[in-house]
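Novice: Given next are the chains, with one letter for each unit.
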Amino acid sequence: MTALNGTLERSRTVAEISTTPTNPAAPERVLWKGNEAMAEAAIQAGCDAYFGYPITPQAELLEWMARRMPELGRVFIQAESELGAINMALGAAATGKRVLVTSSSPGISLMAEAMSYMAGQQNPMVLIDVMRGGPGLGSIGPSQSDYFQLVKGHGHGDYKVPCLAPASISEAMALVADAFEIAERYRTPVAILADGTLGQAMEPVVPAYRTPPRPTNDWVADGAKGRAPRVVKSLDLQPEHLERHNLELQAKYREIEAREVRWAGEHLDDAEIVIVAYGTAARVARTVVERAREGGLRAGLFRPISLWPFPTAALREVAGRVRAILVVELSAGQMVEDVRLAVEGVTPVAFHGRMGGMVPSPGDVLAQLRELWAITEPVPATGHGPGHPRRHRPGAAASGARSAIGAPTAAPSGRTPRSTAILDELVEVDIADALTEVWR
Amino acid sequence: MDRSTIIAGFGGQGILFAGTVLARAAMAEGQQVLWIPSYGPEMRGGTASCTVIVGDTEIGSPVVDRADAVVALNPPSLAKFEAIVAPGGVLVVNTSLIEAEPTRTDIEIVRVPCTSLARSAGDDKLVSVVALGALLARRDLVAISSVRDAIAAIVQAKRPQILAADLAALETGFRAASGVLVPA
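Residue numbers (the working numbering), protein chains in the order written: chain A, 1 to 440; chain B, 1 to 184.
By construction, these hints were calculated from the structure, which means they are not laboratory data. Ideal Cβ positions, reconstructed from N, Cα and C, are used throughout, including at glycine. There's no promise every hint is true.
Unchecked claim - Computed footprint of chain A on chain B; a stretch qualifies when at least three of its residues, placed anywhere within it, have a C-beta under 8 Å from a C-beta of chain A:
id: 1; segment: 13–24
id: 2; segment: 30–37
id: 3; segment: 90–101
Just chain A, same shape as in the assembly (with noise of 0.2 Å):
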C-alpha cells in the first residue's frame, strides 16, 4: 500500500492502492518488522540525526539507528532522557538537519515542551510514537490513547502538527518520507502514530524508498559569516509581535488543512454502515466489513490517514449516505470526537473500543456492528428499495445523496437494550457498555 500524497481529491480507496505495488510475487520482498521498516525508510529519506532513548514498543527502531547511522557517518545519539533527546533534535533542526525522534507514550509526553517551542520557532522534525497501554507507565502492549495528546497539539500554546498514521508496513515506510517533506514545506513538527502492533509486526515490503527533495532554507541558524545573524527562538516578550506570529501560525494551519489531507475508503460505495477507524484498529475493522459483507450487511471502511489534518469534508460526505457509523480505537474514545464534529449530527455515530493493550477481536467488532444496524433506521429512501445497493456517483450525484438525508434517522436517545447474545460474546471482560451512547 502506498501512502497517499495528496489532497483529498487525489485520495483513493484502499482496492485501488492494493492493485497499484508491484507483483507480489517478485523477488525484491522483504520481510521487515514495522520499527526496522520506519528506520530505514527515515534514513533513506535523507534523516541527518537521530535522538532517541531506548522504550518498549519502539526499541528496534533506535536499535536499527545505533548500527545504521554511524555506518553512513550520520548523527545518532542515545540521549539521557527523552528530554535530553528531544531538545538536541530542537537544537539541530535549527540548523535545518533533517532530524527524527522516536519514543513511545511516556516518553513522548516527556517530549511535549520542545514539541511547542518547535512549533513555536517553525522547526521541521519528524516525531514518531509507537504508542502503548497508559495512562502512566501503564503497559507495553498496543494503544491508540496518544491521539488527543498529539492531534491536539501535545504541548502548551496555540499550535497543531500534522499527525499521520500508517495501517501497514509498507504504509508506514512511504509516510516517514512525505512526514519529512510536510515538515519542511510547512516548517514544522511532523508526528506519526504507528502502536505496538505496527512497530512489532513483519509484513512483505518492496525496499522502495522516497528522498524527498531538499529545501532552500533561508532561515537556519548555520553560520552567519557574511550574512546577519539569524535567531531561531520561540521566545517573544512582545504581545502585539507574539499575536501576529500566532496569526501567521494559524495561517499556516489552514493551509496544511485545505492540502495535506489524507484518507483511504473501502467499499464505501454501496455502504449502509461505515466503521471509521485508522491504524491498528482499521486492520481490524477491515477483516469486521469482509465478514459482515459474507453475511449480506454491506459495511464499508473510513480510514483516516492525516489525524491533523481529519478528513472532515470526506467523512461528512460518507456520512450523509449511511445509517450509522461506527467508529473503532484502541482507546476510550478519542478520535470519535473528531469524527462527531464531521459528522454533524447527520446520522448516529457509535463507539467501540479497547484500552490498556487490548486489540478488540473482529468477532466482537462485528457484533457491534450488527447491533448499531439493528438499533438504527435504514437512510430514507431514494428510489432504492431494500436489498438494492445505494450506488453512490461522484459529483453531482453524491450533493444529491446528501441533499436526500432531509428527514432526521430516528436514534435512540441514552441507553439501548442489549441482546443476550451479543452480551454472551464479551466473554473476556465486561464491555457491555461499550455501545450504549449513540449520537445523532
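Starting from the structure of chain A, add chain B where the hints point.
Specialist: Just chain B, lined up with the frame of chain A:
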C-alpha cells in the same frame, strides 16, 4: 482468504523462529503475510506465541479470533488456544510435554512428541521446527520446499552449522504427522 496459524509454547522453544520461517516461505511464494509476536515481557521459560496470517490479498486483522491452525508446544498453550481453532482446523499437540487431551471433536488433532523428536534430530530447541513439519504434513499452507529454503536463508547467515539439524527436524516432524516420506 486469510489462513491464520498460531504457534505457542515456552520462550526458548523457537516459537518466533518457526513463525518467521513460515512467514518467509509464504512471502517467497508470492503471498501476503502478517507476522505478529506476543511481545509482552516474555522470558525464557515464560509463555510466548506468534501469529502468522497468510492470504492472497492484504491481510486485515492482526488479532485472530478463529485460527485455522494452532501449534501447542506446552500445556498453557493448549489451554489458551484450543478454543479458537476454527471448526475443521488443525491442532498440533506436543505430546512430549502435554499430557492433557484436547476436548474438541470438530477439529483435526495431530499428536506428535515434538520435543523427543527434536532431541533425536539434534537439539531440544528444534521443537518448533518439528511441529512446523507436522503442521505442513496436514495442511498445505506453503510448500515444504519453500520452508526448506526459508530455513536455509535465515540460518545460513547466522549459524550455518545448525542448518542440517533444522532440516532434519522439519523432516522428522513431517514424517511423524504424515506417515510418509517428505516430498523432495
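Novice: Each hint: holds or not?
Specialist: Outcome of the hint check:
no. : hint   : in the structure
1   : 13–24  : holds (count 3)
2   : 30–37  : holds (count 8)
3   : 90–101 : violated (count 0)
The structure fails to meet hint 3 from the earlier list, while all remaining hints are met.
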